[in-house]
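Q: Residue strings, one per chain:
There are 2 protein chains.
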Amino acid sequence: MSFQKINEDDIKFFQLALKEKYVLMDEENIARCSGDQTEDLKFPPEVVLQPGSTDEVSAVMKYCNEHMIPVTPRGAGTGLSGGALPVWGGVALDMRRFNKILLVDKRNFQVTTEPGVITQELQEHLRAEGLFYPPDPASKGSCFIGGNVSENSGGPRAVKYGVVKDYVLNLEIVLPSGDIMWTGANVLKNATGYNLTQLLVGSEGTLGVITKVVLRLIPAVKYDLLLLVPFRSAVQACEAVNAIFMAGYTPSALEFMERDALEWSMRYTQSTGVNLPADIAAHLLIEVDGNHMDELYRDADAISQIVQQYDIDEILFADSYEQKQMLWVLRRKVGEAVKSNSIYKEEDTVVPRAELPALLKTIKELGREFGFHSVCYGHAGDGNLHVNIVKGEMSDDDWAHRLPQGIRRLFTAVVALGGTISGEHGIGWVQKEYMDIAFSGLQLQIMKQLKHTFDPKGILNPGKIFMS
Amino acid sequence: MSFQKINEDDIKFFQLALKEKYVLMDEENIARCSGDQTEDLKFPPEVVLQPGSTDEVSAVMKYCNEHMIPVTPRGAGTGLSGGALPVWGGVALDMRRFNKILLVDKRNFQVTTEPGVITQELQEHLRAEGLFYPPDPASKGSCFIGGNVSENSGGPRAVKYGVVKDYVLNLEIVLPSGDIMWTGANVLKNATGYNLTQLLVGSEGTLGVITKVVLRLIPAVKYDLLLLVPFRSAVQACEAVNAIFMAGYTPSALEFMERDALEWSMRYTQSTGVNLPADIAAHLLIEVDGNHMDELYRDADAISQIVQQYDIDEILFADSYEQKQMLWVLRRKVGEAVKSNSIYKEEDTVVPRAELPALLKTIKELGREFGFHSVCYGHAGDGNLHVNIVKGEMSDDDWAHRLPQGIRRLFTAVVALGGTISGEHGIGWVQKEYMDIAFSGLQLQIMKQLKHTFDPKGILNPGKIFMS
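Protein chains in written order, with our numbering: chain P, 14 to 481; chain H, 14 to 481.
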């Protein structure tokens with residue numbers, strides 16, 4: 014790459030374009046924008062820019078494109094594949110000032126928002142209007158909706174309601190050239206030209222900078238119930254997942270947690286809310302939702318009957334707000350708990366749902382072969398299993414050189430099961446070396462040509478998704 | 014374009030690649046593949062090829078790409094925007110031999126099918142296994158699933174269940190180069206590279222030839238109820254659509270028919286099943302579905318209460334198979350009925366749902382200004398209104414020269430309402446002259462570059478979507 018280092022003239026331009034106070038080079042901001050939630054990776058940008066309008070983003074992009082300065086867009090920095098790491102230095106384009114919900118169009122069940130709004134705040138704002146935006150990644154309390162769009166995030170409710178891509182109707186983006194465009198229209202059905210919107214969703218900030226997001230919404234759902242089911246066999250827990258769907262039920266969440274995941278999360282959050290007998294190997298956390306409590310009790314009862322066919326302990330049935338909150342906090346904090354416990358790597362495997370038991374067995378076999386311990390949990394209803402590989406006693410040398418071979422074997426097995434290497438975290442910086450397992454040379458070449466169409470000079474979020 | 018005419022050597026190659034009997038130049042096949050259901054447009058291909066395998070498609074594409082022979086893929090020829098018209102002659106690639114359902118993966122709620130399977134047959138095959146593939150375009154009894162994918166078709170049930178794009182997980186395609194590739198993976202969540210699958214869906218056969226389709230499925234739904242609600246004001250009928258959603262109900266179909274639409278369809282099908290008093294201006298056809306009859310009656314009752322607030326006549330409540338069939342046939346035959354009645358043009362407008370009343374008013378005003386009569390009907394729940402402009406008494410000259418100005422005004426109004434120019438029929442041949450209303454030069458340029466990435470020589474379905 015023939016990227017240019019940022020010089021004094023560049024800074025002067027940025028200060029003119031954005032006002033001085035939004036051009037940051039202090040230690041704290043540089044440090045903050047050096048990393049995200051991916052392992053302990055740090056790549057400092059040369060400058061942090063905080064544009065406040067689409068026109069300002071456009072001015073920055075145009076300038077950087079002309080001057081071959083790499084630009085890495087950044088949301089809240091909660092990513093798990095290193096998508097926001099400024100691996101080539103240059104500009105960290107910090108989108109936090111894009112924090113306004115622009116229009117709640119209640120008549121059309123749509124919202125137009127800026128990308129820097131925190132997902133949970135957006136959800137709560139909409140819920141107060143009787144509207145529901147379902148995708149809720151574990152980091153919903155801090156992540157930005159723009160980052161969710163960029164990574165095509167999921168979360169527990171995807172099993173019933175779909176992922177981010179199923180809600181994005183239209184995006185305003187700024188191209189590397191500085192040109193501003195919308196990707197589609199604010200309509201529920203669209204057969205007008207190529208689907209640029211869906212090409213942008215999940216493109217990890219490599220094709221354009223998202224400056225506005227139009228989401229479709231659904232009517233708010235009134236009630237939910239939550240069940241925590243303890244299994245004596247983790248493989249049986251995976252099997253039960255499929256049995257629930259085969260019986261015709263679609264829970265609004267169907268989460269799997271290995272024993273360690275729950276135990277570590279309980280320790281991390283100092284929770285005593287769940288009794289964890291020694292013989293329990295895994296849990297399913299099952300939510301049903303709807304507008305009529307009698308129907309929820311009926312469905313919860315039917316699901317209880319189904320899981321009773323397996324070797325389970327007593328089901329914890331949560332219908333109070335406090336109990337449900339307690340269980341969801343435990344589930345959402347697993348990632349942080351693992352991180353606090355050890356150096357780790359998180360793999361975001363996804364397979365056709367019925368292959369989950371096979372995937373889990375393979376993971377454990379590979380762990381024995383390569384000497385790693387893994388804590389598995391995730392969105393079992395979607396076949397999306399997060400594999401946290403903890404360093405524990407592994408030597409630095411094995412961690413650096415032998416483990417990648419194990420991960421390669423894991424992803425190869427995932428693809429052989431009909432799956433792929435990321436369900437909702439993206440490829441970013443840390444998974445790109447495995448893309449050849451999921452895709453042929455031809456597929457990668459087509460994708461790179463698409464990148465080239467949007468970003469011919471390669472200045473936007475360089476070093477991501479592709480090896481070269 | 015520097016396309017080559019097909020010569021004897023080309024024919025010899027095709028005969029060798031496909032067997033002689035699948036290389037057709039007889040009058041009947043040439044005539045059949047000259048048109049689709051779009052107006053009366055006819056563009057004869059030079060030869061009709063009927064490949065029987067992906068490898069055969071690959072051989073044909075490679076050859077045609079090398080020899081600059083245009084190739085137009087063809088499903089069942091039910092398209093309404095001329096996507097299958099061989100406007101440059103060359104090869105009509107008739108996919109009817111791709112008629113096998115390859116794998117029903119009941120455990121994973123997926124099906125892998127060839128593209129030449131009739132949509133309704135696929136649906137019935139799956140329903141017998143307890144599985145449901147919802148998208149059901151009006152032509153479902155004859156259209157191919159591959160054509161549905163190419164156009165991103167909808168149909169009445171899109172309002173609750175989404176359109177084709179919401180069900181396509183993965184596609185096997187043959188590129189113009191002859192290279193074969195899959196676009197994604199058979200998983201419910203995917204954050205691995207760019208979404209090539211969604212780029213192909215709705216690309217109208219211009220980026221690759223679809224040879225296998227992997228669809229996600231949902232559990233079959235047991236029951237449905239149907240209501241036909243007669244309104245004395247068409248605008249009020251549109252308003253009622255929104256009131257139903259605002260009250261928190263999501264019907265499994267919410268169809269609008271102007272009086273003429275229903276009346277013409279009744280005449281065309283010789284049906285006497287519906288009483289049509291003189292003061293009725295429009296109908297809503299409303300379906301609710303679910304697995305518990307008591308809930309359906311409850312929802313149907315609530316919806317009835319909502320529509321009672323408008324000036325309506327007696328609701329026809331259909332719960333027998335025969336009654337429901339009768340009403341659906343009337344709805345599905347509107348298009349054919351209009352076609353049998355007059356030369357016509359069908360516009361496939363789509364707006365944010367709440368803008369339907371405004372759209373309907375605009376259509377009628379433009380009709381008065383430009384002297385055309387229109388029959389409007391469609392998927393009101395999605396804001397997708399089909400506008401059938403009938404020639405009637407209009408002079409040939411006005412039809413050819415004045416009407417396009419009226420259509421231009423109509424589409425301009427649609428875009429001003431936040432909508433776009435095709436909801437489910439595609440752009441194809443007949444709407445491409447209006448693409449500049451929906452898209453800026455920049456957007457069109459990006460789309461053309463995407464086309465170029467997949468089809469650098471421009472031999473695959475040339476003349477579609479773009480003016481040049």
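Just so you know, not all the hints are guaranteed correct.
If chains are identical, the list can't say which one is meant, so a pair holds when it fits in one copy or spans any two.
What the hints assert, rightly or not - In silico DSS-like cross-links for lysine-lysine, where the CA-CA straight-line distance does not exceed 25 Å: (1) K119 - K173; (2) K75 - K470; (3) K461 - K75; (4) K119 - K374; (5) K404 - K113; (6) K337 - K377; (7) K404 - K173.
What the hints contain is simulated information worked out from the structure, not anything from laboratory work.
Q: If a hint holds in the structure, say so; if it does not, say that too.
A: Hints, verified against the model:
1. K119 - K173: both (23 Å within a copy, 18 Å between copies)
2. K75 - K470: within (12 Å within a copy, 31 Å between copies)
3. K461 - K75: Both: 21 Å inside a copy, 22 Å across copies.
4. K119 - K374: between (47 Å within a copy, 22 Å between copies)
5. K404 - K113: neither (41 Å within a copy, 49 Å between copies)
6. K337 - K377: neither (31 Å within a copy, 53 Å between copies)
7. K404 - K173: Intra 34 Å, inter 46 Å, cutoff 25 Å: neither.
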